[in-house]
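A.B. asks: The lines below spell out each chain.
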Amino acid sequence: MKSRQLIYGALGGAAILGAALALKWAQHHNLVSAEFVQRGVLVIIGLYLAVYANFIPKKVPGLKISPARAAKVQAASRLNGWLFCLAGLGYAAIWAFAPLGVAGTASVAVVGGAMAVVLTNLGICVFAIDRKSANPAQ
Amino acid sequence: MNSVFKALADPTRRRVLELLKVRPMTAGELSDQFPVSKPTMSAHFTVLREADLVEMTRAGKTITYHLKLSVLEDALLGFAAAFRVGTQPEEAVPPISIQEKG
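Just so you know, the protein sequences line up as chains F and S, in that order.
Counting from 1, one number per residue, gives the positions in the first sequence under this note's numbering.
Counting from 1, one number per residue, gives the positions in the second sequence under this note's numbering.
Careful: at least some of the hints might be erroneous.
Claimed, not checked - Once the Cα atoms are required to be at most 25 Å apart in a straight line, the calculated SDA-like pairs of lysine to any residue come out as: (1) F:LYS59 with S:PRO35; (2) S:LYS61 with S:ALA75; (3) S:LYS61 with F:ALA76; (4) S:LYS61 with F:SER66; (5) F:LYS58 with S:PRO11; (6) F:LYS72 with S:ALA27; (7) F:LYS58 with S:MET25.
Unchecked claim - Derived contacts from chain F toward chain S, CB cut-off under 7 Å, selection only: (8) ALA14; (9) VAL60; (10) ALA71; (11) CYS85.
Quick caveat, the hints were computed from the structure, so don't treat them as lab data.
Source: prediction; values computed, not measured.
We put the beta carbon where it would ideally sit given N, CA and C, even for glycine.
Can you make the complete structure from the sequences, with help from the hints?
C.D. replies: What follows is the structure, given as structure tokens:
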């Protein structure tokens, strides 16, 4: 299972590099502009984030954790998947359509905002689990 | 992907997935929520497992089902529920019959 994930990750990375090289080659032969190359590479990165995030909720917590903890992990995993998937699509859409002056700030804000929400949610989740394990009567 | 659409086309299986969104549940807990026999529920679980939408873990005699939906499958589940795919209309409206005066 781990090796399959590694293979998919490596294939995804190779696809991004291949696309970037192809765009650069096209620019070198005056087929596309420098702006098109910049936008194209960043759109591909956004789409890769969306595809990767799509599979985050597919990971099931193992047998060894309690049902309450499994429910919390599942909820956090679903939220993370949705947020990063939408952030990836938003990042790609911004780099595809927004003016270059705005796109840099807006795309970082979208992904950074998603990351902030995810980290906050994970913190709340870990805090709730720790409190419950410290006071099992609650 | 065809197996996913097949699994999501049935309202009982969609309800199972909605229940599993709250927390992982045992086969017995899930079966108690539906007015159907255990073999029928077992068949539904098999379809969901074959579509890779749920994961089964066994601890002794207890079988626990975990949700295993990707974001895309979750969105498809939402669409299928919103458009009530595979459900009958709640109240069948009788056809309008116009009697001709003779």
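A.B. asks: Go through the numbered hints given earlier and state which of them the structure violates, listing their numbers in rising order.
C.D. replies: 1, 2, 3, 8
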